[in-house]
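Given next are the chains, with one letter for each unit.
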Amino acid sequence: MPAPGLAMVSGQVLPAFLVCSTLLIIKMYVVAVITGQVRLRKKAFANPEDALRHGGLQYCRTDPDVERCRRAHWNDMETIYPFLFLGFVYSFLGPDPFIARMHFLLVFLGRVVHTVAYLGKLRAPTRSVAYTVAQIPCVSMALQILWEAARHL
Amino acid sequence: MPAPGLAMVSGQVLPAFLVCSTLLIIKMYVVAVITGQVRLRKKAFANPEDALRHGGLQYCRTDPDVERCRRAHWNDMETIYPFLFLGFVYSFLGPDPFIARMHFLLVFLGRVVHTVAYLGKLRAPTRSVAYTVAQIPCVSMALQILWEAARHL
Amino acid sequence: MPAPGLAMVSGQVLPAFLVCSTLLIIKMYVVAVITGQVRLRKKAFANPEDALRHGGLQYCRTDPDVERCRRAHWNDMETIYPFLFLGFVYSFLGPDPFIARMHFLLVFLGRVVHTVAYLGKLRAPTRSVAYTVAQIPCVSMALQILWEAARHL
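For the record, the sequence lines run as chains Y, S and P. The numbers in the first sequence follow this note's numbering, run straight up by one, and end at 804. The numbers in the second sequence follow this note's numbering, run straight up by one, and end at 804. The numbers in the third sequence follow this note's numbering, run straight up by one, and end at 804.
One thing to keep in mind: the hints can contain errors.
Identical copies look the same in the list; a pair holds intra-copy or inter-copy alike.
Calculated pairs, DSSO-like style, for lysine-lysine (alpha carbon to alpha carbon, straight line, at most 30 Å) [to be verified]: (1) 678 <-> 693; (2) 772 <-> 693; (3) 772 <-> 694.
These are computed hints drawn from the structure, not numbers from a lab.
Required output: the full structure, derived from the provided sequences and hints.
Structure representation (C-alpha cells):
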C-alpha cells in the first residue's frame, strides 16, 4: 500500500470502520441475492419480461415473502447508507479508539440482527430493538460530527 | 482533534458541508420516526408480527398517510445520498467558499422545504419547486467534479 | 485546484473513479426526470395534490410504466450507492491503475446497460446479466477493502 493509504491515516479507528461497513454492504448484497432466489422459488416476478422467461405472464405478481425481503432491503438503505457517511467522517475526528469501535460494533450487530429478525419473521419487537440499537450510535456520530464541524465554521 | 482532522483540510468549505449534510441525515431520521408514529396512530403495519403485537392481523394493512411518509423518505434517499458524495468530493476541489456555501445552503433549504411540503400536504407545486431548488446545486457540483476529474484522467 | 486536491492524491485511479461515479449519479438523475415525464404523459400521480394540479383526483393512480421507472431507480439505489463508497475507499488502497479502471468501467457499463434494458423492456436476461456484470467488480472491491482493513486492525 502506498504512503497515503487510507488505512494508516487515523490509527486504529478507520480499519475497524472499514471492516464493519464493508461487511454490512456484503450483507446487503446477500439480501439482494436472497430476494432473487425467493422470486424464483415462489415464481413471483416484478417484470413481464422476467415472468415470460420463467413460465408465463401469470407469474408477474407480488408475493408476501418477496415483499418482506424488499422491506428488509429498504430498511438497510435507510440506515446503512447514512452509516457509511457518518462512520467515515467520524473516523477522522480523532475519537477514542475503544469508544469508536463500540459505535461500529453496535451498528454492525444491530443491523445483522435486524436482517435475521426480518427474514426469519422473529416475534416483535426483536426487529425494532435491533433497529434502535443500530441507530443510537449513528445519532451519536452525527451529533459529534455536527459539534466538531460547527466549531470550525 | 489530531493533525489530519478532516475539518482542517479544506479551509472553510468542508465544515459547512458537514453541518448541512449531517443535519439532512438527522432530518431523514426524523422522517423515519414520524413514519413509525403514524403507523402506531393509524394502526397500519407492514408486517404481521408487528400487527399481532398491536391488536391483531387486521392491522397489517396500508394507509395513505404512512405511504406519504414513505414517499418522502424515498425521495430523500434519491437526492440526499448523492449529495453526501458530491458535496464531500466538491469540498476538496478548492471551490470559492462563498459559492460552495450557497450550494450547500440551497440543498439544505430545498430538502427541508420538500419534507415539510410532503408531510404537510402543501399545495402543488411547492414540493416540486423545493425538489428542483435542491437538485440544481447537486447537478452543478456533479459537473464541476466531472470537469476536474476528466482533466486529470 | 489547491495542493490537497483529491484528484492528485492517488495518481491515476481516483479521477477515473470520480468520472464513472459522477456519471452514474447523473444517470440516476436522468431516471428521476424520465419518471416525472412518464407521470405527466400517462397522467399517473402518487399524490392527490399533484393529481389535482393536473386534471383531478382520478389521476392519483399507479401506472405500469411509472412503476417500471421506479424499479429501475430502486435498483440503482441498491447498487450504485454502495459503489460510491467502495470505489472511493478502493481508490486509496493503491490498486494497479489498469485493473482499477477495469473495475470502474465494468460497473459503469453494467449500470448503463441495466437502465437501458429496464426502461427499454429488453428481453430477459439482458437486465440481469448487466446487473451481475456491475456487481462482480463491486464484490471484488469490497473483498479487497476487507482484506486490507483487516490487516490493519
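Q. Which of the numbered hints above does this structure break?
A. none
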